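Same order as they appear, the protein sequences are chains A and B. The first sequence runs 1 to 195 under the numbering used here. The second sequence runs 1 to 257 under the numbering used here.
Hints were generated in silico from the structure; no laboratory data involved. Remember, it's a predicted structure, so these values are computed and weren't measured experimentally. Idealized CB from N, CA, C, for every residue including glycine. Where hints are given, some of them may not hold.
[To be verified] Covered by chain B, according to a simulated footprint, are these stretches of chain A (three or more residues, beta-carbon under 8 Å):
| hint | segment |
| --- | --- |
| 1 | 45–54 |
| 2 | 60–74 |
| 3 | 77–90 |
| 4 | 160–174 |
| 5 | 177–189 |
[As the list claims (entries may be wrong)] Below are the EDC-like pairs computed for lysine to aspartate or glutamate, each with C-alpha atoms no more than 20 Å apart in a straight line:
| hint | chain 1 | residue 1 | chain 2 | residue 2 |
| --- | --- | --- | --- | --- |
| 6 | A | Lys183 | B | Glu35 |
| 7 | A | Lys72 | A | Asp30 |
| 8 | A | Lys175 | B | Glu18 |
| 9 | A | Lys183 | A | Glu145 |
| 10 | A | Lys175 | B | Glu35 |
As a plain string of letters, each chain reads:
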Amino acid sequence: MPGEGASLAGLGMRTRSIRGCTSAGSVARDEAFAVLYERQFGRVYAYLRYRLGDELLAEDMSAEVFARAWGKLRNLDDPDRATAWLFATARNLLADHYRGRPGCLPLSTLPTGRHPATDSPEAQLLAEESLSFVSHCLTSLSEREREIVGLRFVAGLRNREIALALGLSEGNVAKIIHRALAKVRARLREEYPDG
Amino acid sequence: MADGDDRESSRTFDDELERTLRGEEPTAPSAATAEELATARLLASRLARLREVPPGVRERIWASTQARRATEARTPRWQRLSGSGLAAGANLLVAAAVILLALQGALPWVQELPRLLRPGERGSASRIAFVSERDGNAEIYAIEPDGSGLTRLTHHPAFDGDPAWSPDGQRIAFRSQRDGNNEIYVMNADGTGVRRLTHHPADDLRPVWSPDGRQIAFLSNRDGSPGLYVMNADGSDVRRLADGPAADAALAWAYAR
């Protein structure tokens, strides 16, 4: 996840330019890019998986987001702007992907989040129950509310980052989150009237 | 409420939310805020699984990003002019050569240049077309042999399958049910320019290009029984060549004369 700060060398990352360029500028650029990737890939991937409900497609689209970020790196020094740019790009790719297809958020296909290699069957079952519960709660939200819930609770963006990525005011983002939480709470009350 | 106050209260709540999501105690919320934070905590815990990244994903996305960067000798050619060192020099040389050639009237060749410089579209030998249902229904995708550069080529809720590269790697013939039954179509290697070649209420499938790229053979039951047909690459002049016993027969052109 973001901020894990795992070492770049651990990935065996090629911090040298692909084209074999070894000037100081290009090495610095590669390193800046690796840092950006390390900070952001987890949240971008998590968000795309939440929106797409397909792990392979989410990987593919994440790679496209970062490949595009490479060309924009000079403008992404500021972490807030970098986050906003990455998620705005991810949303553009999603919009392209869903163009012409109704029913944008594939809630029925929320990824199970299973890690079969590592999880016990009980853990898998619990995970699936959690997600089907969430799917149920989220169906009462508007598309925009689900989107912002994804950005805040899955990708872990702060309100000001969401505001930048979506071109909204911070106050507006906060209001949408309040409204979404109220709807989720109402749905919970229906399910568990005793609290 | 003034904009500033609005933002202030939004930030206060956002900070509380952040503390809650990190599992820390909120500072001193009002009763209403506390209830809201409890909902947020529940929602976050239920969504926790979606925040986890499975093992290997970090490395795979990184590798795929790098591969895309490598093939990204594509559009931002002029941006790279402002890059550093050798790359900029090489780009200037290419730009100068392009201008010279253009001045010498070599325009048709120059127009081909961007295409020639794009590794992903160089030819069929370097890319693989395949059919996948990863988006919910069968679509045609292309990928480099090293697993990079995955591209979706068809976007249609109906079945698309049977991809076949033209010998020059510029086009892909395929079968689609987008008009109601199996017909042969052709598109450019990047998925653009889809054209329907066959128009028959019977099923047409399994297109195969002739080695010179001028004809396409396919299977059809348009005459009541399965058979082998051939047509020009533009869909004209359909002829039945032979009766085929099975619908799943495979076709191959001979390259030797």
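Q: Identify every previously stated hint that the structure contradicts and give their numbers, smallest first.
A: 3
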